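Undergrad: In case you want the letters, here they are:
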Amino acid sequence: MESATSAVAETTARPEAMRIGVTTAVFAAAGVLLAVGLLAAFWWAPTDASAMGFSQKILYFHAPIAWCGLLSFGVAFVAGILYLRRQDAKYDLLGVAAVRLGLLFSGLVMATGMIWGKAAWGVFWAWEPRLTTFLIACLLYAGYFVLRSTVEEESRRATYAALFAIIAFVDVPITFFATRLLPEGLHPVVIRPTGTGMVAADAVALFVSMAGMTLLLVGMLRVELGIETLREELHYLKNRLGR
Amino acid sequence: MARDGTPAPAPHAGGEPGAGAATGDGPEILVEGISKVFGRRDVLRDVSFTVERGGFLALFGPNGAGKTTTLRIVATLLSPSSGAVRVAGHDLKDDPMPVRRAIGFISHNPLLYRDLTAEENLRFYADMYGVTDDGRRIRDLLERVELSHRRFDVVRTFSKGMLQRLAIARALLHRPRVLLLDEPHSGLDPHAVDILDGLLDEIRSEHTFIMVTHSLRKGLELADQVMILDGGRIVFRQTGQVAEDAFAAVYREHVHEGALV
Amino acid sequence: MSLGMRQYRAMVRKDIIAELRTKEMVVSMFLFVVLAMIVFHYAFTVRGSVRLSLLTGGMLWVVFVFGALLGLNRSFVHEKDEGCLDGLLLCPVDRVTIFLAKTTANLVFLAIIQLLAVPVFLLFFSTSDVVSNLPGLLAVVVVADIGITTLGTLLATISMNTRSRDLLLPIIFLPLIIPLLIAAASGTAKVFNGDAGLSSLLGVLTFLVVYDAVFLVLAYGTYDFAIGE
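Chains as they are written, first to last, in the working numbering: chain A, 3 to 245; chain B, 742 to 1002; chain C, 5 to 233.
In isolation and in its complexed conformation, chain A is listed as follows:
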């Protein structure tokens, strides 16, 4: 019993990510950037001349969220590689946090995408490359959690999760290109290779929003990682005391 209580004592120090300080600063910066970006989007950027009208403003949410979703999955990919090389459990926890947030953001992409679709073109759903890719990504990464739930032994679970995060991330661009093999749908291509097809003010607002959203993701990742770490500890202690 004594060893268990001392174990409790040594593990209740808060994870680094949850201490006031760096994380708050990150969130504050994110908040400022997002506020500026969205203000710019709604007040200064001209309303879109085409039929989409005001609903085009959703882009300033939709695109940054999509970018962050992909970024989060990318973090999971890197975390997977690092886990396989170094066998350090913290990379596994980072992977879980990153996939969870990636799923959250992907869900939001689909939601904003569907709202935009209905407002601009009258349909909730269209089988076009970006939306479809995110849909598939949602299902794919949901499988990540199903996979984790079927393996009981911790290091094997972490190994398989890492492998899956790597395979899944490689598949996302492949899926995107595959969906483009079939004829293109209604989704407007916003950023073309020859420069953004938008007015200068729009571009600034968009990139500021992107930066803000990215910082938001970083902050959320830190918090999520902290939560995951604590959850792990809790699980472990429950098991030990339960014996």
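Since the hints were derived computationally from the structure, they do not count as laboratory data. Some clues are possibly wrong.
Below, a list of computed lysine-lysine pairs in the DSS-like style, where the Cα atoms sit at most 30 Å apart [stated by the list, open to error]:
1. A/Lys120 with A/Lys59
2. C/Lys27 with B/Lys901
3. B/Lys901 with C/Lys84
4. C/Lys27 with C/Lys84
5. C/Lys84 with B/Lys834
6. B/Lys834 with A/Lys92
7. B/Lys901 with B/Lys959
8. A/Lys240 with A/Lys92
These figures come from a predicted structure and were not determined experimentally.
Model the placement of chains B and C on the given structure of chain A, informed by the hints.
TA: Below, chains B and C alone, put in the same frame as chain A:
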């Protein structure tokens, strides 16, 4: 020995076991400070021992003590969380392939494909190990384990005893220097036990052994080194012959059933 | 013959002999494929303007992918059910060789099913003259099969070690195979709709080859982790 606080080993007759076989390269099996952690469970803690060439180590201990884990680590089926293992002069982590060639493994699972015949099973393993004279070797081994008459029968039709005999043939096919046995007698009928013991006697001097067993008698009969594992640690280790009743007392003394984790 | 080649052939031979002896897997796969096609016929029977030939390319690949899943789930069935995985891992064999052998065996089984199923398919759905573009169809099928078995074997290695083996594989396999399915279905649809020539299939074939290459490299790099311990 001081590491696990056990009494100093009793003096034993003769020099190192397997006298005359020492090649001067060091022990055949060298296990140094291995631990194994599954998640957060410490299954093995700082286990070290050596087995000289031609030696026979019997490994005892209660269930969950880590005996099978230790054996699987030496067999390259598991990698230790820390520590090092050398078998036949090769390090397991750097050089697992020569180690695998040098090891034969017999457990209560015969590792045979039920839908293949005895011959096909042995041919498969002969191919996997790169055995050059496979035709003759298979024939000889089948004779030795008294299964020549069932050579072309599908293994699904074999009894447990016959499966184990074929498994012995499988394990010896590639002429391994080291044999690792995990409770090989469990579940066998007396005839199969006899054949197994007879074979072990025959090949005793040509090989190095580690045997995990619950049978005190069998273990002590064959071994020249005994070890007890409990809770992932070595709690007793001694070289030389040990009498059965003396050992039973030692076992009761050192093993605490139902210990706290 | 090098040791690696000898081991590879031994493993492929073992899987094929074991399967031929019981025929459990190929019979089930074949029955499934034929039954699925019958179901499709009734599900898609419409009178009027819909040209069935527009759908048949996709139908064929849905049937193949789900049939392949049945086989992939059984990739390691002998090793798992009979506890022989240790036997395989004890051998001085490169883990990647094991992967290649298993993939090859799965490929052989899938090919057998397809050889039997395609004539039946053509019988049921009598699409336009396929023979004129047989090389095109064959090319698509071969390259797609390689992708299915490569990715499938890799994932089956992972799923066989989990608690819900058979249930997990479709969940992790299907999302990942969608790009291949899109390409193969669109290529096959072109063939069935009378698009002559290999050149019209170039885009599809290139995509499939890239897909196969990517996952082969990925499997090569990660297989030790998938099968070990």
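Undergrad: Mind checking the alpha carbons of B/Lys901 and C/Lys84 for me, to see if they're no more than 30 Å apart?
TA: Status holds; Cα separation ~19 Å.
Undergrad: Just to be careful, I want the Cα atoms of C/Lys27 and B/Lys901 compared with a cutoff of 30 Å; is the pair within it?
TA: It holds: about 25 Å lies between the C-alpha atoms, which stays within 30 Å.
Undergrad: Do the alpha carbons of A/Lys240 and A/Lys92 lie within 30 Å of each other, as the hint requires?
TA: 20 Å, holds
Undergrad: Regarding the pair B/Lys901 and B/Lys959, is the alpha-carbon distance no greater than 30 Å?
TA: 20 Å, holds
Undergrad: Between C/Lys84 and B/Lys834, is the straight-line Cα distance small enough, at 30 Å or below?
TA: 25 Å, holds
Undergrad: Taking only the CA atoms, is the gap from A/Lys120 to A/Lys59 under or equal to 30 Å?
TA: Given that 30 Å is the threshold and the Cα spacing comes to 14 Å, the pair holds.
Undergrad: Taking only the CA atoms, is the gap from C/Lys27 to C/Lys84 under or equal to 30 Å?
TA: Distance ~18 Å between C/Lys27 and C/Lys84 Cα, so the pair holds.
Undergrad: Taking 30 Å as the top limit, are the C-alpha atoms of B/Lys834 and A/Lys92 close enough?
TA: It holds: about 24 Å lies between the C-alpha atoms, which stays within 30 Å.
The structure meets every hint from the earlier list without exception.
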